[in-house]
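> Based on the provided sequences and hints, a complete structural model is requested.
The sequence shown maps to residues 1 to 195 in UniProt numbering.
Keep in mind that the hints are not guaranteed to be accurate.
[Claimed, not checked] Pairs of lysine to aspartate or glutamate residues, derived as DMTMM-like cross-links and limited to a Cα-Cα distance of at most 20 Å, are as follows:
#, residue 1, residue 2
1, Lys78, Glu94
2, Lys82, Glu50
3, Lys137, Glu177
4, Lys82, Glu94
Worth flagging that the hints you see were computed from the coordinates, not collected in a lab.
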Amino acid sequence: MKKAAIGGLLNKPMERKSEDEPKKPSNNCSTTKTGKKNGNEVVHLCGLCESRNATMLCTACRMTRYCDRRCQILAWKKGGHKEECQALLQSGAEEAQRTRSTNVTGCAEEEPADAFSDGVSKTNCMICLAPPVDPSKLPCGHEFCSSCVADLRTHGVQQACPLCREALPPSAERLYEQAMRLYVQILRQVSRGMF
1 MKKAAIGGLL NKPMERKSED EPKKPSNNCS TTKTGKKNGN EVVHLCGLCE SRNATMLCTA
61 CRMTRYCDRR CQILAWKKGG HKEECQALLQ SGAEEAQRTR STNVTGCAEE EPADAFSDGV
121 SKTNCMICLA PPVDPSKLPC GHEFCSSCVA DLRTHGVQQA CPLCREALPP SAERLYEQAM
181 RLYVQILRQV SRGMF
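The following block contains the structure:
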């Protein structure tokens, strides 16, 4: 049923609403076409038929506008927007990956002074690149998720901090927790009158 409806739409000629509308560029621009009308009002053109006041955004890239669902379906299936949209999303993913790898290595051209200190993020674990869960501060001052440090230790990386390679005492990530347990035990014994 759907294919028959789309086929019927394909056979129907697309008519321009007026002759004064700009012609579609030949390079199939993937961004929304805008123009000025009456001074300061922005006019969005449909990505397929170029009619004015297109309100629907492409659901994948959110950049190209369409006048109705019919134009969106036709542009996606027959108009070539699918390839443009996927290329745009792929380039966005590659850019995000480059940004993440730049942040990990600390080799960015412009780094905010408050976000990085010695190339280390103050807000993210540099192993999993997420905000630290149950943070563990090593004697060298670097902070990681306790589970990330435990995973490193189980995989044989036990002698040095992953960032600065400073030697670590055994189980450095649990020293604070052990000290707190010992402190609580001493307090209990003192309150019972054992000392």
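> Next step is simple, just say for each hint if it's right about the structure.
Now the hints, each set against the structure:
no., hint, in the structure
1, Lys78 / Glu94, "violated, 27 Å"
2, Lys82 / Glu50, "holds, 18 Å"
3, Lys137 / Glu177, "holds, 11 Å"
4, Lys82 / Glu94, "holds, 18 Å"
In summary, the structure is inconsistent with hint 1 from the numbered list given earlier, while agreeing with all the others.
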